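Trainee: Listed below, chain by chain, are the residues.
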Amino acid sequence: MIRLEKRPTPSQAWTWATPVLAVLLTMLAGGLMFALLGKDPVAAIKIIFYDPLFNPQFAAYSRPQLLVKAGPLILIAVGLAMGFRAGIWNIGAEGQYIMGAIFGAAVGLAMYPSDSWMIFPAMVIAGAFGGFLWAMIPAVLKVVFGTNEILVSLLLVYVAEKLMAAMALGPLRNPEGGGFPGSRNFQGYPAASNPELFPNSGMHWGVVAAIIAVIFGYILLSRHLMGYHIRLAGQSPRAARFGGVSPARLVIFCLGFGGALAGLAGIFEVTGPAGQITTSFNTGYGFTAIIVAFLGRLNPIGILLAGLLMALTYIGGELASFMLGLPSAAIQAFQGMLLFFLLGVDVLSNFRIKIGREGHA
Amino acid sequence: MLRRTFLLATAAVVGLASAAMAQNGPVKVGFIYVGPKNDGGWSQHHHEAAMEMADYYGDKVELIEQESVPEGADAERVLTQMALSGANIIFTTSFGYMDPTINVAKKFPKVKFEHATGYKTAENVGVYSARFYEGRAVQGYLAGKMTKTNKVGYIASFPIPEVIRGINSSYIAAKKVNPDIQFSVIWAYTWFDPAKESDAAQALIEQGADVILQHTDSTAPQAAAQKAGNVYTFGQASDMAEFAPMPRISSIIDVWAPYYISRVGAVIDGTWVSDNTWDGIGAGMVGIGEISSAVPEDVKAEAEALKEEIATGAYHPFTGPLNKQDGSVWLAEGEIADDGTLAGMNFYVEGLTGDIPQ
Amino acid sequence: MDLSSINWLLLLASLMVAATPILLAGIGELVTERAGVLNLGVEGMMITGAICGFAVATQTGSATLGYLAAALGGAAMSMLFGFLTQFLLSNQVATGLALTLFGLGFSALIGQSFVGVQGIRVEDLNLGPLADIPVLGPVLFQHDAMVYISLLLVAGVWLFLTRTRGGLILRAVGENHDAAHALGYKVVRIRLMAIAFGGACAGLGGAYLSLVRVPQWTQGMTAGAGWIALALVVFASWRPWRVLIGAYLFGGLTVLQLNLQAAGLKVPVEYLAMSPYLITIFVLVIISGRSRASIGAPATLGQSFHATT
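Residue numbers (the working numbering), protein chains in the order written: chain A, 1 to 361; chain B, 1001 to 1358; chain C, 2001 to 2309.
Simulated from the structure, these hints should not be mistaken for lab results. Remember, it's a predicted structure, so these values are computed and weren't measured experimentally. From the three backbone atoms N, C-alpha and C, an ideal C-beta is built for every residue, glycine too. One or more hints might be untrue.
Stated by the list, open to error - Taking beta-carbon pairs under 8 angstroms as the criterion, some of the chain C residues facing chain A (in silico):
id : residue
1  : Leu2084
2  : Leu2089
3  : Trp2227
4  : Val2234
5  : Leu2278
6  : Val2285
Said to hold, decoys possible - Result set (DSS-like, lysine-lysine): computed pairs, CA atoms no more than 27 angstroms apart in a straight line:
id : chain 1 : residue 1 : chain 2 : residue 2
7  : B       : Lys1028   : A       : Lys39
8  : A       : Lys46     : B       : Lys1028
9  : B       : Lys1324   : C       : Lys2266
10 : A       : Lys6      : C       : Lys2186
11 : B       : Lys1151   : C       : Lys2266
The task is simple: from the sequences and hints, build the whole structure.
Mentor: Here it is in structure tokens:
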């Protein structure tokens, strides 16, 4: 009989060791899958985990790209983690990300071709505002009518996607684009663009913002009264109410903060790596960020690491895909496995495994 | 707009100069697809053509492929990594790869790029596309002849010039043989979503359409039509022959392989130069799938004659007199639309109802 | 616009078909959530059901075997989630999302050889004289068997939850797992059964797409239907009949939206396409505004259970 015994406090050693163990287990299980698909498992694993970091042919380019890919994930996940800790379920960060991009881009495109230095900051503010506004819909509905935020935030993702298509084909369409969908490319409009801050560093303002968000989130949660309220509400909603925490304020703050950060991710992405609003601008960062938030145990520092690990599987997965001819579905399944193992072995940091007959705890 | 014949002539001249640069060892050819390699439509067709090209050259080329690459930042990264891995030529097979292709091409001047359906070229970036509207004219003709309710349903994807061109072209051809014809257009806002396409086909059939044209890639509308009974459809992107002879009575097929073979061949010989190719039935880039036995012999013969006329250039699907939807004159009697207008087409011709989403 | 060109009877009939996949997945997820488990992996289980059902149906030519395989496939997938969340006590939200990711990849891998294979033809159920009733006949009584099974399933779940001891226990586990445990109920075992039921239903919903509604296999073909099913459960305030209402409302709006387009309604297409989502939210606001006390998720929804004694 195997049973679990709760540790009084999470084990420090296992907290660090479980991710390593999970990656090792994923290598085994994933390797088996690659072998079944008729590919060299060792080569595949090496390409996914090692080549983006150290292969002389790719690393100089891939390493900075990790930041580009992880930036929006971390930025969104930090915002979401606040809500998740307080028991507020914002599943619609993808929609807030889209709206941030649309709002910000609209401001920039309205100014075209002015080259004032104020344009980019104005766009960033508009982007954060767009995400905030979109998150306020479920927040206000929850506070005023008691409507469930999971449903509203999720359905608003689809609404945002349709709106984005309408924008890419209508008001924001590039007038010089020959009737094709898509806005002007911000990479060709310096006053509104978000390029790499140093060549080949991968650092753009979005990555900077992600790092600031991690630090800010960490301080908020561990040092600030709001962070205390958030943690209290998550652990014991009733105690929180007695303790003077206003549930309505908490809902507005958590959804609004998450929305604003998702909106920031959107505007930095559209002005930087993506370049333009198109009918397919969003690629699922808002959903992946939910996983990143939990992988990071809802802790900003953990989220930083989880975001980088996810980014590594994307970039390494792409390399493996075209170098070994692996179907992208295999990479997707591989990522799923990694997540399963990461989530599963986490049990070791909170519980002791006891083997033997049930005794006295 | 530059035409291929002109470019071939230039290519020959430049070819002499750069022949010394010809390749040693296998040429590494990259392809990136927007969907999975087996999506049954657009991406699968490019993938199969790539395989045909690889078979043709055997061990002279090494093929590397990446499927399901989102347009935008991810595409730029995948392209860069492919170029870093030593690719000599990379085909980017979706419109949304246009800016990423141009960006990466700037960083790798020695790597050649070929972008499908776009319009931005560079010294090392060529573009290619097919004149699908020529095939649409043949479909429109068949639709006009075959319909009994005079209602044609059209499942459109996104309101972009290529799709609008297709609607106009098929409508003009249908109207010619059937003045009472009416088109109902549903904008699905997706290239590929079987359930939605099926619902769209269903809605059109329920409103009396007995011919369904589609500009989306799944076979779901075919299945919906099959279930409904007396409804005619056309294969899109691939032949969809499994639905012949009914409901699928013909199809438009993308034929990319010859182009891929010729362009990769140019890289092998060291004669590649940037091009702007827009070929149709005549050059073999657009194929018309076999017209099935559900179509009467005489109609079939006439449709094939029309196809022949378009192939030889004797007839252009956009020949005046044609008015725009608002009644203003677009083309005078006998006038032929220029490629520039066609490439950026954003209006309906007279007789079509409804608005193009803006 | 010519509204008369819309055949309202046929629209009602196709509404039932359009709503069936999300209804099946929704009613399954409802049972899972009533047991206190939040499984966000519906999409992954649906797509697994879609390929399992399609593969077996085309190999054997039997839709029944296809559905059976789909239910098994969906349930097997859900057990992965069950093992992680119930035994290893992993976070349910994250595990569910991981299940979606894994399911999409895994189904695409096993489905590679079924792309382009033509689906089987699932015949409509012969309901004899019922089908010939004017007006009602074509709308209600000319569908394939799964449409009716999904309705029976809703009724069955409702009966089970409200009228049986088993249902009472399941709800008790969802409302207060510590109390249920103290009373001697096997919380983990009951939850695993609820998760498996949810997985099986999601699998059926996916198979309905690949066998009847579309019918073909392509990777990613569920295209978000699992997410809509999840939203339905919330929309329904965790009540079986409201899942039915929600599914038919959403399915109906989706179909109506296309019909209005085909009829040439002068409303920009993008805004028409948003309408099913917006109207669903709007209806939910009205429901939740009117009867505030009555809505509420199962109290332990999403929480891990660990027996301390």
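Trainee: With reference to the structure, classify each hint as holding or not holding.
Mentor: Hints, verified against the model:
{"no.": "1", "hint": "Leu2084", "in the structure": "5 angstroms, holds"}
{"no.": "2", "hint": "Leu2089", "in the structure": "6 angstroms, holds"}
{"no.": "3", "hint": "Trp2227", "in the structure": "6 angstroms, holds"}
{"no.": "4", "hint": "Val2234", "in the structure": "4 angstroms, holds"}
{"no.": "5", "hint": "Leu2278", "in the structure": "6 angstroms, holds"}
{"no.": "6", "hint": "Val2285", "in the structure": "5 angstroms, holds"}
{"no.": "7", "hint": "Lys1028/B <-> Lys39/A", "in the structure": "20 angstroms, holds"}
{"no.": "8", "hint": "Lys46/A <-> Lys1028/B", "in the structure": "22 angstroms, holds"}
{"no.": "9", "hint": "Lys1324/B <-> Lys2266/C", "in the structure": "19 angstroms, holds"}
{"no.": "10", "hint": "Lys6/A <-> Lys2186/C", "in the structure": "19 angstroms, holds"}
{"no.": "11", "hint": "Lys1151/B <-> Lys2266/C", "in the structure": "19 angstroms, holds"}
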